[in-house]
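Take a look at the letters that make up each chain.
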Amino acid sequence: MNLDQALPVFIEESRTLLQEMEEGLLRLEQAPDDPDVLNAIFRAAHTIKGSAGLFGLDAIVSFTHVVENVLDRMRAGEIPPTPELTNLLLQSSDEMSALVDAAAAGIEADMAPTAIRAQLLAQLSSYLEPAGDRDDAKHLPAETQAPVEVCGEGAETGDCWRISVDFGENILRNGFDPASFLRYLGNLGDIVHLTTKTERLPSADHMDPESCYLGFEIDFKSAANKKAIESVFEFVRDDCHIRITPPSAFAAVAIERIEALQADADKVGEILVKADAATPREIDEALALQSKIETQSNRHPPVGEILVQEGVLQQPVVNAALEKQKKIRDAKAGESRFIRVDSGKLDQLINQVGELVIAGATASLLAQKTNDGALQESLATILRLVEEVRGGALQLRMVQIGETFNRFNRVVRDVSKELGKDIELQISGAETELDKTVVEKIGDPLTHLVRNAIDHGIEPTDRRIAAGKPAKGTVRLNAYHESGSVVIEVSDDGGGLNRNKILNRAIERGLVNANQNLSEQEIYKLIFEPGLSTVDKVSNLSGRGVGMDVVRRNIEALRGSVEIASREGEGSTIRIRLPLTLAIIDGFLVNVGGNSYVIPLDMVSECVEMDDQERLQQHGGYINLRGEVLPILNLREHFRVCGQGARRQNIVVTHFGGQKAGLLVDELMGEFQTVIKPLGKLFGKARGVSGFTILGSGEVALILDVPTLIQRAASVEAQKVA
Amino acid sequence: MGLTFTEKNGALYLSGELTIYHAAEVKPSLVAMLRTKNELEIDLSGVSEIDTAGLQLLMLAKKETDRSGKKLRLISHSPSVLELMDLYNLAGFFGDPLVITATQS
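Protein sequence lines correspond, in order, to chains A and L. In terms of my numbering, the first sequence opens at residue -2 and continues consecutively. In terms of my numbering, the second sequence opens at residue 5 and continues consecutively.
Everything labelled a hint here was simulated from the structure, so no lab data went into it. Hints may be right or wrong, so weigh each one.
[Stated by the list, open to error] Over 12 Å on every C-beta distance to chain A, these chain L residues come out as not near it, computed from the model:
# : residue
1 : 8
2 : 11
3 : 14
4 : 52
5 : 75
6 : 100
[Stated by the list, open to error] If you want the footprint, here are the derived chain A segments under chain L, 3+ residues with CB under 8 Å:
# : region
7 : 168 to 175
8 : 179 to 192
What you are looking at is a predicted structure, and each value in this text was computed from that prediction instead of being measured. Virtual Cβ for every residue (Gly too), placed ideally from N, Cα, C.
With the sequences and hints as input, model every part of the structure.
Structure below.
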């Protein structure tokens, strides 16, 4: 194995384990008595230590070793999980994290023991020493106790096979003599003891002299394996009942063989047969018996249980097989649950699927021209499949947001402790899925928002009590899907945003004019402007006015948007809206002056035809849509397309984030699977366009940036009104 | 070569092959004899060959007499009878004194 190649895997695995460890420690604070949690923490530390040793990362090994020892003591119930200890362990996991990061950067070897690490080690060791003395004293008597040895009958027959055979009645008539089988058996080994069973022999009146009523119990000493012994009775197998119990010494061998077995069989029977512990016939019989019991008594006894009952195997052998089965199944499940794939490969696949979608569109366009029904039909099937493949490929990139959310348990815990506030984090919608790239990039902005909520949102405890609120503040993280986008909410039940304060500060900084008429939403959004902080006191967490603008920039880079809802005294909610995926969308194709444009389908709510009468009624930039004011944006004007508008125009009603606007287009061309191609740098400043795509005909169509257009429609209208 | 029943010194003398081939004939006579006599001695010295079916008949006789409180004694076991009885470990079952020659053990 090339260790250099395996190192990234170790780093990634360790990070996951550290994450688990941290979550475990946080859970331990809530439930100090749960042994499962402690075990999970211990396992994480143990695995990290083990793997680090493999790579010769001594700093990690030596530090983790001490942590592991403390955890082990905790597991044994020798040290109670006090809050101080948990805190110490959390800090230790941070230190381990730092060491793993250093290893990732390749500077682990140079990393001198830091003051923090020394201090942590000293603190951890203080938990180990006094417990050590007690520990020895407690375990001393147990260790001197001698094991009980079994002797007598068991030991005597320990190395003998026990063969129990009941011959069928027809044996003699068929020309076989049990005696010959026994004599032949004598060739394989030594018949130590034999008992003839005569219980089946009936009274004289009922006895048929040509039937066989005998059975034998044989203690048989032999080096032959089970199969060989069984084969002695091969000719009469169907006619008699044979049970071959291996010697107890054999059980140990069988267990060893089962444990060493390299097979992917996940059935107890298969494992036993492969390890030579049972013969296929025995398993078949046990299975037959199992189904018989099942039909008779509706009970489903495990095969292992039957084998033990029938005396085919000893319980320890079956236990070993069951253990093995569990291991194999776990390994299988582990394999099938997750595959690590280079994300580059995934991107390539999605890219190719994208090309496939375009090629499919071309083919379908050509097929429509041919008038060939069969061709069109088969192509329709292909396109449907392509669509499914597309969905599947995109799904590959989807991950649940829960993992990202859970990370904030720690953030909330640490930050609230630092600020002396009592704050609880509530998480909902953790199962909401979104693109992996998006998840990765949303982490930092979310951290900012959560910290902000704790620092600025939630008031100090005394002020909360004075306001009649529960002393414990709540920060909520929520995620859900809404019309093709993912919404992530960060909300708090704090004081809410102070509208006037923000406005005054913004005017002070010259961000807005004092006489500007701003909507509430616009004022709130000012907090995302650089250099604006409403907190008078700067803490080391937030309040410097940097951060929120970065948050907005990050979110916008993901084609997302931010929205703020706030009520003074009740708290505020910051809503981030992100596109589900970054690669392919379902589009709605429209035509303006001979140019094609694509509107993301999930933002289209309806299409209405605009006749002359309505055009006459159109007052500036809005129409009356069933009694509702709908701002209209004429795409022809917006994109400065030359020529006269078509006689009959259509309005595509789009919606985004609770806002609606109509886009005036010439022609509706229907749905279209759109592969988003990013625009070059040259178009960086172009507003209202988010990308482009290639149509089946080879033409280029621009993808409309609906959120921007809706805003524009609203603002154009507002300007006109003003 | 068949199987013959004869009286010899007040015992039942079996001679010939006590095997599956004659089991069907032997059984009725044997059972009849068990019913008439309170004590039965069977001389096995003339049994040249015996198989499981034959031995099974002797076992039947032993079981029947035990059940009805009668007595069955097997005497003068021939080598082939001894061999099979030894294989089946039935000496204890019949409870008769056996003469084991040096060649057999």
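Counting residues of the region 168 to 175 of chain A with a beta carbon closer than 8 Å to any beta carbon of chain L, are there 3 or more?
This one holds; 4 residues, not fewer than the three required, reach chain L with a Cβ under 8 Å.
Assertion that residue 14 of chain L lies outside the chain A interface [Cβ separation over 12 Å]
Fine: 23 Å to the nearest Cβ keeps residue 14 of chain L off the interface.
Are 3 or more residues of the region 179 to 192 of chain A near chain L, judged by a Cβ distance of less than 8 Å?
holds (count 5)
Minimum Cβ separation between residue 52 of chain L and chain A greater than 12 Å?
Residue 52 of chain L clear of chain A: closest Cβ-Cβ about 16 Å, beyond 12 Å.
Assertion that residue 75 of chain L lies outside the chain A interface [Cβ separation over 12 Å]:
Holds, because the least Cβ-Cβ distance between residue 75 of chain L and chain A comes to about 16 Å, which exceeds 12 Å.
Determine whether the non-interface label on residue 11 of chain L survives the test: each CB of chain A must be over 12 Å from its CB.
The assertion about residue 11 of chain L holds, with a minimum of 21 Å to chain A.
Looking at residue 100 of chain L again, its CB stays over 12 Å from all of chain A?
16 Å, holds
Residue 8 of chain L non-interfacial with respect to chain A [C-beta, more than 12 Å]:
17 Å, holds
In this structure, none of the earlier numbered hints is contradicted; all agree with it.
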